[in-house]
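Visitor: Sequence order for the protein chains is A and B. Take the first sequence: its letters are residues 0 to 159, numbered as in numbering that gives the first Met the number 0. Take the second sequence: its letters are residues 0 to 572, numbered as in numbering that gives the first Met the number 0.
FYI, nobody ran anything at the bench for these hints, they're computed from the structure. Small disclaimer: the values here were computed from a predicted structure and weren't measured. Beta carbons are placed, not taken as given, at the ideal position from N, Cα and C, and that holds for glycine. Heads up, a few of these hints could be off.
Calculated cross-link-like contacts (lysine-lysine; reagent style DSS-like; alpha-carbon spacing at most 27 Å) [what the hints assert, rightly or not]:
id, chain 1, residue 1, chain 2, residue 2
1, A, K4, B, K343
2, A, K7, B, K528
3, A, K85, B, K476
4, B, K350, A, K4
5, B, K570, A, K7
6, A, K99, A, K46
7, B, K570, A, K99
8, A, K130, B, K476
9, A, K4, B, K476
10, A, K46, B, K570
11, A, K4, B, K570
12, B, K266, A, K7
13, A, K7, B, K271
14, B, K528, A, K4
Reference listing, derived: stretches of chain B covered by chain A, where coverage requires no fewer than 3 residues with Cβ under 8 Å from a Cβ of chain A [what the hints assert, rightly or not]:
id, region
15, 323-332
16, 458-464
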Amino acid sequence: MHLHKYEKYWLTFGVGSLIVFLLITGIMAFHNGSHPPSAKNTINHEKVDEIAPFNKPGVHKVSGKDWDYEVVVVASAFYYNPPELKIPVGSKVKFIATSKDVVHGFEISGTNVNMMLEPGYISEYTTTVDKAGEYLIVCNEYCGAGHAQMHSMLKVVDKE
Amino acid sequence: MSQTVIDQSNVNEENVTVSRKIAKKTTELLKVDSKDAKLTMAHIFVAFIALFLGGTAGLLQVLVRSGHFELPWGIGYYQVLTVHGVLLGLILTTFFIMGFHIAGVSRTSGALSSKQRLLCWIGFWSMTIGTAMAAAMVLLNEASVLYTFYAPLQAHWIFYVGLALVVVGSWIDGLGQSLRWIQWRKENPHQTSPLLSFMAVCNNLMWFVATIGLAIEVLFQLIPWSLGLVDRVNILLSRTLFWSFGHALVYFWLLPAYMVWYVVVPKVIGGKIFSDALARLSFMLFVIFSVPVGLHHQLTEPGIDGSWKFLQVVLTMMVVIPSLLTAFSLFATFEMRGRELGGKGVFGWLKKLPWGDARFFAPFMGMLIFIPGGAGGIVNASYQMNQLIHNTIWVTGHFHLTVATAVVLTFFGASYWLVPHLTGRTLTKQLNRLGIIQTIVWAVGMIIMSSSMHIEGLLGAPRRSAFSDYGGAEIAKTWASYQVAQAVGGTLLFIGIILFLYIFVKLCWFAPKGEQEFPIGTVAPHAQKTPAFLENFKIWIVILVALILIAYTFPIYDIIQNSPLGSIGYKLW
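This is chain B alone, in the form it adopts within the complex (with noise of 0.2 Å):
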């Protein structure tokens, strides 16, 4: 009878010591391999120091604007300008979005292999070289050309160079996360590949496609034409390479909020992803209307035939139909969990979604915003009315709405899981708490200044312009106002910086030891099986190439036909 006691007592250790060793094995594949995590946290690291720097630029700049502020030492406002473009639009985004890649892939197709893991650390490095050549020649005053270029305005080749070296760092980076995924496919046949994954792949293609213009821009016309290879470029070709890519790149900010908004937000607040087919026809969608569209960033310009203009425009507005499905999928998400929860009636659901949870809360304020943002944009890229805001400050409000709102915020709400997740702590309560206060200070100096910026637009305020009063024009006496407005909204979003790097600080190195989820939604049961094309590249590459090929060969052709003396360089500031 002991015996027998004994036996079972032993037996049931046993059985507890199994299923703690199944937890633990559990728990590490759902965690990111550690070696990936110092990966991902290495590019966040760069990240956020650009998110510092390009904040601290952001509010010089609209201190300046409200023309009660001038910049001491010299520092000119379109040096200050270009140091905010540069490290946000460019260095804050890729970073973060390769990191986030990383961790993405890592976690839902497995570790890397040391040389995936080898190709994403050059890549890192690459960039990181870059983006340093980049900054020094900006700093010097050597370079305050902004991040669009504008050519025929000349910066020291280096700074060229220090780009050129980004795109490229970009793309073996996306390359060594993109095997990953091939492996994946390799090893799991006639398998739905994991969600985050394919997203990611598909990001990494829109990115290499749409930087091809940008890399024989910068390659072919602007590196020779900087060393003095060659005395002239031709403008409006390194214009239409610059917008062939320009477009695609607000994709590429897009498509990883959409990744963290499909994926992980369903498992945040315990619910599922609407559709996995859906999600996928999205993300291909969004590739092959992110590079034939860029004319409509050149409307205005001379050069090109308007019917040109009028196609891409049409394809442009292709976007609307991802943008819808996707509203569709998140709020269909968001209503099967708050009625699931009890929610009841029309709008009875809203109140059941766990609006204390920053991990929500952030990228739903993202969601939000998104809407105006959208909008807005479809004013810009509408043939006519593009002629009423182009160029004017209403342009600078909505991507302030987009990119620095909606895939900003939704960056902000992944770091509170991501950065503890990869660094072994968790989001205390007090954190989440700092995190939601965060989200309503961006919100809130985000809608001031972007509002402001809109209507001072409207009223036909210049973008991308120091503070002036034209000469005590009347008009510009309306816009004085606006500018105060936005130095009040620039002001509460640097502290709203500030508040989120004090949140980023203490994730990385003082916030209490333990494990923090990487939340990975699972499709919803009546969804139905993903359909095998939808994972087939190769459809999906013809089509993006063959549509590229249709909205550029000609008008390409005909600038490169009729171009007229190219232009020397310029160092006008």
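Only chain A is shown next, with the shape it has when bound in the complex (with noise of 0.2 Å):
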């Protein structure tokens, strides 16, 4: 098929640049290890309480792993439990969170911290906090009529 002589040049200009960004992307992906939450355990989500983890919500000091903290959130029409998360500022952090009902999400704001929450599955982020300050956490998936009431704080605060 015939090409005008300046379709090809802008062609080649925007695929190039396609494929460039895309490359990005992927190194970014499978050599940086950067993928957004894709965690793969499963839970029965009517007994969440009485799993481990979640039968225990909040901040945990763990060794021996490749994060400093765990923190451990489970959702519920309209709340999140615990309401207040305090971590110590540059702590690598894995937040571990479920749902016990409908989709949630959980969303620190101004953060790339964002995951959705669905019955059955455990979803999973590790991050380093490396800012002091109050973060809000706040459902961006539409849950119900109390949706814009649900929300948490993140707070990063000074090593004592």
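Need the complex rebuilt from these two chains, each delivered in its own frame; the hints are there to steer you.
Guide: Right under this line is the structure:
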């Protein structure tokens, strides 16, 4: 099929940028390990309260792992348990969360911690909290009448 | 001598009569058949009633979220949001598109046969009854689940059955139109088929393949579950099926706008279609990269392996290619025409375009606003960047640029000639002027609303949420002013809807009678003949099915294989 000369330049430039873009994204993902939250563990969502680690929601210091803290969160209509999290600045944290009923969101506003919580699945994301301050956690997936009232607070505090 | 003179004048008269007859016949051939016109108008009426009601819901939403207004009579925010999403995302679009397809096929391939027309009417009534069923359930507050369903939130079964009827109706409607194109192909072997009809068939094909996933979700999961025939459904599977449809849905909205841009706008400005082959190629690329891309809506979901998400991200980005082809072709048409009219220099030709013609200006503004819309889309589908904006109001800002501006402004622009063409009236100078004003109001309103949504989304504000101060959190205070700006933009958009509906009503019943052209562009003389493979649907269907199997077989197998206990239904609104 015939292509106009300028169209060839335009497509070469466009498709070239696309390839570069996908290469960068791919290297970020598969070399640097930067994947969006895609954990695959499942759970009986009707018995979440009885199953570890969700029987003890909260911030837990751990040792011998690649991260310093595990933050265990249970979401249900329309609140998060626990309602407030405190983590020392600079720690590497693994967020572990699930839902007891419908689909919820777990978004730490203004950061890239953002994952869907679905009944039966455990969502995980590991990151370093490198800036002290108060971060609002909001539910960003419609879950019912109280959706906009579903939130909690992450406090990244200076080390004592 | 005198005898000769008389004879001569007789001959002249005969010539005049013959040429009048030819002119009349030509007008008839260039016109949509009157029965097809009625069929199209039926679709368009439902579409614009949905526009009015859905737009009103949109106005209420921006007012509520500004924090300065509360809904009266116990109406829920999410009920209004469901009305807005279902009516504008599904009903306005599907009805307008089906109507536009019918008119386009009838105009370019010829009037529908009575059987084809009957199929379209059956489709129309099935969609209309389905709409009424779903609407009744939403109004009774039995279905505040948004148009994306969100199981395990569970609506009344009538809501799901209603929407299933809308989808099935659109299949029958699309079949009626596509049969007309097949008939044309049989009657005109070895010829390139009319571009507009071909495009409508592409869109119907894509829609049919895309809605299979949705149909499986609704028929085999949601309806039995809402009827109580089964207790539990697999939530991740239902979401994955939904999103296998959800992105093709946006291309289904977009392709009719592309039809106007490729085929109609060149004629409106007096230019030529840059290349028939490139237009067809870009449509086929849209078709094959429409369905196997839905996982990019689920990037932050558990239970799906990252590599499969990444594969679909790559397939999603392939849309860049037909988009670039389209942008080049359209601007080539504009530049060729502008230079023909004497435009000089690098950008001088821009001045020569018919800015005062609403049939050009409205779709042109749509194209222009589609550029930031597309750029935002690349961010959304970018594997990692998605985490920053997923389910924030940024996304709402994004699709208000794409569907609610690029597509909707093009539909408005198309209505300015399509409606009078079908009703036997004309677009007067005054109505054309109103059309220009309408476009400006829409563009300004949308720029205000959408920019503030984008910024607020980057600051972390969630989408699909009523007003909340989030317990007095500092960050939520930074969102407030953007929400007020959205209310301002949204109010302008509502005024835009009223303006448009005023023009629409005029064009239906009050504008002066006459012939309004249904503009169909012809291909530029330098363009090469369209290769036959571009019209060979078999090749493209095989590629489409292969890509879907590659992209979805393993993830769906994996979801079913590793599925947790299913979910019972919840009614939390």
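Visitor: Between the alpha carbons of K570(B) and K99(A), is the straight-line distance 27 Å or under?
Guide: holds (14 Å)
Visitor: Verify this for me: three or more residues of the region 323-332 of chain B with a beta carbon less than 8 Å from a beta carbon of chain A.
Guide: Coverage by chain A holds for the region 323-332 of chain B (4 residues, Cβ < 8 Å).
Visitor: Can you tell me if the region 458-464 of chain B counts as covered by chain A, using C-beta to C-beta distances under 8 Å and a minimum of three residues?
Guide: With 7 residues closer than 8 Å to chain A, the region 458-464 of chain B meets the three-residue bar; holds.
Visitor: Given the hinted pair K46(A) and K570(B), is their alpha-carbon gap at most 27 Å?
Guide: Cα-Cα ~20 Å, so holds.
Visitor: Holds or violated: K266(B) with K7(A), Cα cutoff 27 Å?
Guide: Distance of about 25 Å is within 27 Å: holds.
Visitor: Can you confirm whether the C-alpha distance between K7(A) and K271(B) stays at or below 27 Å?
Guide: The given pair, whose Cα atoms are some 20 Å apart, holds under the 27 Å limit.
Visitor: Given the hint that K130(A) pairs with K476(B), test it: the Cα-Cα distance must not exceed 27 Å.
Guide: holds (20 Å)
Visitor: Under the criterion that the straight-line Cα-Cα distance not exceed 27 Å, is the pair K350(B), K4(A) satisfied?
Guide: holds (25 Å)
Visitor: Would the hint linking K528(B) and K4(A) be met if the CA-CA limit is 27 Å?
Guide: Cα-Cα ~17 Å, so holds.
Visitor: Between the alpha carbons of K4(A) and K570(B), is the straight-line distance 27 Å or under?
Guide: Violated, at roughly 59 Å.
Visitor: For a C-alpha distance cap of 27 Å, please report whether K4(A) and K343(B) respect it.
Guide: holds (21 Å)
Visitor: Holds or violated: K99(A) and K46(A), Cα atoms, limit 27 Å.
Guide: holds (8 Å)
Violated hints for the displayed structure, listed by number in ascending order: 5, 9, 11.
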